[in-house]
Each structure stands twice: as C-alpha cells, then as structure tokens.
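Given only the sequences and the hints, what does the whole structure look like? Please build it.
Which chain is which? The protein sequence lines are A and B, in order. Residue numbering for the first sequence follows our numbering, beginning at 1 and increasing consecutively. Residue numbering for the second sequence follows our numbering, beginning at 446 and increasing consecutively.
Note that these hints are calculated values from the structure, not bench results. Since this is a predicted model, take the numbers as computed values, not measurements. Treat the hints with care, as some may be off.
[As the list claims (entries may be wrong)] What the simulated footprint calls covered on chain A by chain B, stretch by stretch (three residues with Cβ under 8 Å from a Cβ of chain B suffice, anywhere in the stretch; the number is not a length):
#1 122-129
#2 289-302
[As the list claims (entries may be wrong)] With a Cα cut of at most 27 Å, we get these calculated DSS-like pairs of lysine-lysine:
#3 A/Lys-121 x B/Lys-492
#4 A/Lys-289 x B/Lys-557
#5 B/Lys-555 x B/Lys-496
#6 A/Lys-286 x A/Lys-31
#7 B/Lys-470 x A/Lys-286
#8 B/Lys-474 x B/Lys-496
#9 B/Lys-456 x A/Lys-121
#10 B/Lys-557 x A/Lys-288
#11 A/Lys-204 x A/Lys-121
#12 B/Lys-555 x A/Lys-288
#13 B/Lys-557 x A/Lys-286
#14 B/Lys-496 x B/Lys-515
#15 A/Lys-121 x B/Lys-474
#16 B/Lys-474 x B/Lys-497
#17 B/Lys-456 x A/Lys-138
#18 B/Lys-470 x B/Lys-496
#19 B/Lys-470 x A/Lys-121
#20 B/Lys-496 x A/Lys-121
#21 A/Lys-138 x B/Lys-474
#22 B/Lys-515 x B/Lys-492
#23 A/Lys-289 x B/Lys-555
#24 A/Lys-31 x A/Lys-147
#25 B/Lys-497 x A/Lys-121
#26 B/Lys-557 x A/Lys-121
Glycine included, every Cβ here is placed at the ideal spot set by N, Cα and C.
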Amino acid sequence: MSLLQMSFAGAIMILAIIIIRALVINLLPKKTFLALWGIVIVRLLFPFSLPSAFSVYSLIGKHTQKKDPQIIGMLPIEVKRQVSTIPNNILNISNSISIWMIIWIVGVLICTLFFAIVYWKCRQEFQMSLPVDNDFIKSWLGTHRLKRSIAIRQSSRFSAPLTYGVFHPVILMPTSTEWENTNSMRYVLTHEYVHIRRFDSLTKLVLLAVLCVHWFNPLVWIMYILANRDIELLCDEEVIRLLGENTKADYARTLINMEETQSGFVPLCNNFSKNVIEERIVSIMKYKKSSIFSLVLGFSLVFGTTTAFATSAQKEPDYFITDEDDNTTIFNGKLMASQKFLVDENGKYTYDSNSELDALFSEFGIPSTKFIDSDINDIKFTLEDTSNQNQDHLFSQRSLYTEEEMEQIIADIESGKIPGYQISDFVEGKVPGFEAGDWFFINFD
Amino acid sequence: MDIKLFDSELKVMSVLWRDGDVPAKYIAKLLNEDLGWNVNTTYTLIKRCIKKGAIERSEPNFMCHALVPKEEVQKAETNELIDKVYDGSVDKLFTALLGRKKLSAAQIEKLKQIVGDLE
Numbered sequence: 001m002s003l004l005q006m007s008f009a010g011a012i013m014i015l016a017i018i019i020i021r022a023l024v025i026n027l028l029p030k031k032t033f034l035a036l037w038g039i040v041i042v043r044l045l046f047p048f049s050l051p052s053a054f055s056v057y058s059l060i061g062k063h064t065q066k067k068d069p070q071i072i073g074m075l076p077i078e079v080k081r082q083v084s085t086i087p088n089n090i091l092n093i094s095n096s097i098s099i100w101m102i103i104w105i106v107g108v109l110i111c112t113l114f115f116a117i118v119y120w121k122c123r124q125e126f127q128m129s130l131p132v133d134n135d136f137i138k139s140w141l142g143t144h145r146l147k148r149s150i151a152i153r154q155s156s157r158f159s160a161p162l163t164y165g166v167f168h169p170v171i172l173m174p175t176s177t178e179w180e181n182t183n184s185m186r187y188v189l190t191h192e193y194v195h196i197r198r199f200d201s202l203t204k205l206v207l208l209a210v211l212c213v214h215w216f217n218p219l220v221w222i223m224y225i226l227a228n229r230d231i232e233l234l235c236d237e238e239v240i241r242l243l244g245e246n247t248k249a250d251y252a253r254t255l256i257n258m259e260e261t262q263s264g265f266v267p268l269c270n271n272f273s274k275n276v277i278e279e280r281i282v283s284i285m286k287y288k289k290s291s292i293f294s295l296v297l298g299f300s301l302v303f304g305t306t307t308a309f310a311t312s313a314q315k316e317p318d319y320f321i322t323d324e325d326d327n328t329t330i331f332n333g334k335l336m337a338s339q340k341f342l343v344d345e346n347g348k349y350t351y352d353s354n355s356e357l358d359a360l361f362s363e364f365g366i367p368s369t370k371f372i373d374s375d376i377n378d379i380k381f382t383l384e385d386t387s388n389q390n391q392d393h394l395f396s397q398r399s400l401y402t403e404e405e406m407e408q409i410i411a412d413i414e415s416g417k418i419p420g421y422q423i424s425d426f427v428e429g430k431v432p433g434f435e436a437g438d439w440f441f442i443n444f445d
Numbered sequence: 446m447d448i449k450l451f452d453s454e455l456k457v458m459s460v461l462w463r464d465g466d467v468p469a470k471y472i473a474k475l476l477n478e479d480l481g482w483n484v485n486t487t488y489t490l491i492k493r494c495i496k497k498g499a500i501e502r503s504e505p506n507f508m509c510h511a512l513v514p515k516e517e518v519q520k521a522e523t524n525e526l527i528d529k530v531y532d533g534s535v536d537k538l539f540t541a542l543l544g545r546k547k548l549s550a551a552q553i554e555k556l557k558q559i560v561g562d563l564e
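What follows is the structure, encoded as structure tokens:
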C-alpha cells in the first residue's frame with residue numbers, strides 16, 4: 001500500500017468517525033472514540049492490508065465495476081490483441097513521482113521542525129517554573145502515587161493548569177491559582193492526574209507524528225483536533241468516575257469558573273473554542289455510568305467501523321485463462337506489457353531501454369543488448385485494431401505493470417500456469433498474438 | 446524606568462539584590478539547589494533579564510550586576526495562555542489547534558445555564 005492509498009483509506013475512516021461522533025457522542029463511552037482514532041492511526045501509519053468481504057471497498061467494487069471475471073484471452077488458441085488506451089500522462093508518471101516525493105518529504109520536515117520548535121520553546125518555559133510549597137498539595141501528592149513520581153510546580157507564564165513530561169510528569173499550575181480553594185483544586189489535580197495515568201502526553205505526541213506524516217491530508221488535521229478534544233472528554237469522564245457521579249455539576253462549574261477567570265478581555269469572539277468548552281460541559285453533564293447497552297453499542301461500532309473501513313477489498317483473480325481443453329487457470333498475475341512500455345499520443349509504443357527487463361531477457365538467453373544498442377531508444381510498433389471490442393477496457397484499466405509483475409508473468413509461464421507453452425515459445429513467437437513482429441521482440445534481427 | 450519581570454526572572458534578580466554582583470555560575474548553582482533548575486534554564490533567564498535591561502553583564506566570568514533596584518520592578522502577569530515570547534505565528538497556531546480562547550461574559554452565562562438545565 002502506498003502512502004497515498006493509506007492516507008485515502010484513513011481519510012474515509014475519519015469521515016465515518018466524524019459522522020458517528022456527531023450523531024452519538026454523548027450516548028457512548030468516550031473510550032469508543034479513542035479506540036476508533038487508534039485504529040485510524042494504525043491504518044495511517046502501517047501499510048498492511050487486510051482483505052475483507054465486508055470492506056466498503058469490496059462493496060464499492062461490486063457496485064461500480066460489475067466485476068465479471070476478466071477473460072484475457074483463450075491463450076493457446078488465440079490471444080486477443082488489445083489496442084491500448086493508456087492515458088498519455090502515463091509518460092510523465094516516473095518523473096512526477098519523484099517530485100511529489102520531494103514535496104512530501106519537505107512537508108514532513110517542515111511540520112516536524114515546526115512542532116519540535118514549539119515543543120522545545122514550551123519545554124524551556126516549563127523548566128523555568130517554580131516549586132509549590134503548600135500543605136494541601138503535599139497531602140494530595142501523598143494520596144495520589146504512581147510508579148512515576150509526580151511533581152507540582154507553578155508558573156506565571158501560563159493561565160491554565162497543564163501537564164508535561166512522560167517519564168517525570170509535572171503538573172504546572174498558574175501562579176494565580178486559588179490555592180485555598182481546595183474543592184476546585186481537587187478537580188483540577190484529579191484531571192491532570194488522569195492525564196498522567198493514561199499517558200495522554202504520549203498519545204498527543206503520536207497524534208502529532210501522524211499529522212507530520214500526513215500533513216497534506218486535511219482530514220488528518222481534523223482528526224488531530226477532534227482526537228485531542230476526545231482525550232479531554234475521556235479524561236473528564238474518568239474524573240467523574242473517580243470522584244463520583246454526583247460531582248459532575250460541581251466539576252462542570254469549576255471548569256466554567258476557570259474559563260471565567262482567564263478572560264480579561266475578549267479580542268475575538270471565537271466560535272470554535274466556544275463549541276469546544278460547550279461540548280465538554282454538555283458531555284460532563286450527560287455522563288452516565290456505562291450501561292451494558294452502551295458498551296455493546298460502542299464495541300460493535302468499533303468492530304463494524306474497523307471491518308468496513310480499515311480493511312481493503314477482497315481481491316478477485318485478475319484473469320481466467322482457458323486452454324484448448326477448456327481447462328481454466330485462475331491467476332492474479334498480469335499478462336504482458338511492462339511499465340517500461342509506454343504509449344504516446346499516436347498510439348506508438350516506446351521502450352525504455354534502461355529497463356530491468358533487459359536483465360530478465362538475458363536470464364532467458366535473449367540478447368538484450370540488441371534492445372539497448374539500437375540507436376533509437378524507441379522501438380515503435382503499432383498494434384492492430386482489436387477484433388473484440390468488448391475486451392478493449394481490459395487494457396485501459398490495467399495499464400501499468402511493474403517489473404515485479406512482469407517477472408511474475410514470466411514465472412507463471414515458466415511454472416506452467418499458462419498451460420501448453422514455455423517461455424521460449426513466447427520468445428520465439430510461437431504463441432499466437434505474441435509473434436515476433438507484433439509484440440516487443442520487433443527489432444530483433 | 447518601567448521594567449516588568451516574570452516570577453522566574455525575579456528569582457534571578459533576587460539573588461543579585463541579596464548577594465550583590467555575582468558570576469552567572471553562582472546564580473545557576475544556587476537556583477539549582479533552591480528551585481531545581483538546570484544550568485541552561487538559569488542562563489536563559491539571565492539573558493532575558495539582560496535583554497530587558499535589568500542585568501548588566503561584564504567579563505570575566507560572566508559577572509552579573511543588577512541595573513534596577515527591587516522597588517522599581519513590576520511583576521508581569523500573563524493573561525494569555527502562551528505569552529508573546531513565542532512571537533507571532535507559533536503560539537497562534539498552537540492555541541488555535543488546541544482550541545483555547547477567552548470566552549465572553551455572555552458565553553460563560555450560557556455555559557452555566559447549560560449546567561443548570563442538565564442538572
């Protein structure tokens with residue numbers, strides 16, 4: 001799977017999650033969404049493909065393509081020659097790939113550098129924080145122990161509490177904190193404690209890494225924002241679970257009060273952030289202990305979305321080949337033509353002499369130098385019009401074959417998957433449709 | 446003279462106000478013991494104070510001299526999540542991504558209303 005395919009598959013899944021999230025966010029345990037984002041991240045970072053009959057891509061394939069088995073030809077009897085309708089821009093592909101590659105790498109570097117600088121700057125500021133000397137804090141730390149030791153410090157440079165550090169977590173409180181308001185302190189510290197316990201700063205770094213790799217994908221940016229919000233929502237949920245469901249209104253009011261003390265003046269009415277805090281408040285107030293129903297619903301949503309969107313279409317065999325005895329061979333290899341055979345606008349084929357195919361030819365004892373040495377790099381040959389119009393589309397659909405696939409074909413011929421013929425028969429032009437003069441052995445003499 | 450210094454910068458200044466002119470190394474060692482700062486952190490802060498005109502540096506040994514008396518310094522407070530030090534776009538994008546901005550009184554009122562309604 002190429003990066004672009006991974007990004008596209010990820011984008012489709014993100015789209016599905018956005019819709020699910022908008023519809024049922026307060027009905028499901030928030031863990032559901034974190035699990036879904038987790039699957040998207042795996043999808044976006046690892047180039048595996050799990051074929052599934054229930055994949056949306058299988059369904060789309062069935063409806064749009066009407067995928068009849070493609071019969072490329074009754075090979076030993078007659079291989080139909082197809083006029084290729086390869087789009088002209090194929091000629092540019094090998095050039096453009098490297099350009100896109102460079103743009104992508106530059107983008108990744110810029111993003112990484114940008115976030116690294118922001119992180120480094122923040123980190124520098126965090127380290128200038130001052131210790132807190134407070135009895136409540138001391139007793140709170142005494143009752144909230146983790147394997148990693150938590151430190152609480154203060155800074156006048158930040159106006160909201162935050163947590164940093166994965167292995168040596170530090171809760172950073174604004175200097176303006178009302179330290180004596182132990183009720184609100186309890187909520188704030190528990191919130192940060194949950195973040196630490198869940199390794200949320202690590203999760204955020206992974207999200208950032210995905211963003212840097214898929215910087216060109218706008219849906220990944222949306223995912224980044226939504227996933228960060230869902231981390232907060234899940235954290236809130238956990239706080240209520242820890243402190244008791246009857247505290248949720250109190251907790252919500254604490255959050256609102258903190259927003260209030262922060263607002264000195266309003267430079268710009270920002271609708272987006274208003275919705276963020278509103279989403280949080282509503283989510284807290286609507287929190288209910290997960291029922292079995294919501295757990296089952298959440299689990300099946302994760303399972304369903306994964307099978308539908310994180311898998312790829314089930315591959316159907318590319319070709320049936322039927323020989324004279326009506327034995328049908330099914331195989332996934334591609335037949336003839338390679339990436340290095342290109343078609344220009346006049347329908348002429350050109351042959352790229354730099355092809356690794358040459359090595360292959362020599363393997364089979366074919367003097368490939370004749371290809372390379374010919375003073376014209378382009379070997380031109382025109383295919384006759386096809387006698388079978390129905391099969392026209394076959395070629396246009398699969399216009400690009402890599403050397404690997406080409407090798408596979410030759411291996412298939414070798415291993416007898418195409419019954420009745422050997423590679424030498426193709427080379428010597430004994431196979432109908434592959435006669436010398438018609439196919440790519442044209443300039444052989 | 447109107448110099449605004451942050452808490453952390455004031456910690457550096459208070460060493461100078463208490464002990465007089467000292468080398469940067471001395472400040473770094475002292476604040477490492479008191480506050481747990483690493484050497485780089487202290488040096489960054491000293492440089493910020495120099496930039497703000499609160500400290501004068503002289504050689505040798507990076508000697509630091511307080512240019513302003515304690516009484517003339519004002520305490521700076523940050524109202525924004527991240528201050529201007531991150532000049533320009535960096536913090537703007539970051540805050541935008543995390544969706545933190547101040548709310549108006551009306552918006553706060555509406556949020557309280559929501560809590561009341563759902564309670």
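Verification of the supplied hints:
| no. | hint | in the structure |
| --- | --- | --- |
| 1 | 122-129 | holds (count 6) |
| 2 | 289-302 | violated (count 0) |
| 3 | A/Lys-121 x B/Lys-492 | holds, 15 Å |
| 4 | A/Lys-289 x B/Lys-557 | holds, 23 Å |
| 5 | B/Lys-555 x B/Lys-496 | violated, 44 Å |
| 6 | A/Lys-286 x A/Lys-31 | holds, 15 Å |
| 7 | B/Lys-470 x A/Lys-286 | violated, 55 Å |
| 8 | B/Lys-474 x B/Lys-496 | holds, 22 Å |
| 9 | B/Lys-456 x A/Lys-121 | holds, 20 Å |
| 10 | B/Lys-557 x A/Lys-288 | holds, 20 Å |
| 11 | A/Lys-204 x A/Lys-121 | holds, 17 Å |
| 12 | B/Lys-555 x A/Lys-288 | holds, 23 Å |
| 13 | B/Lys-557 x A/Lys-286 | holds, 14 Å |
| 14 | B/Lys-496 x B/Lys-515 | holds, 17 Å |
| 15 | A/Lys-121 x B/Lys-474 | holds, 23 Å |
| 16 | B/Lys-474 x B/Lys-497 | holds, 23 Å |
| 17 | B/Lys-456 x A/Lys-138 | holds, 23 Å |
| 18 | B/Lys-470 x B/Lys-496 | holds, 18 Å |
| 19 | B/Lys-470 x A/Lys-121 | holds, 23 Å |
| 20 | B/Lys-496 x A/Lys-121 | holds, 18 Å |
| 21 | A/Lys-138 x B/Lys-474 | holds, 26 Å |
| 22 | B/Lys-515 x B/Lys-492 | holds, 18 Å |
| 23 | A/Lys-289 x B/Lys-555 | holds, 26 Å |
| 24 | A/Lys-31 x A/Lys-147 | holds, 24 Å |
| 25 | B/Lys-497 x A/Lys-121 | holds, 19 Å |
| 26 | B/Lys-557 x A/Lys-121 | violated, 35 Å |
Hints 2, 5, 7 and 26 from the earlier list are contradicted by this structure; the remaining hints agree with it.
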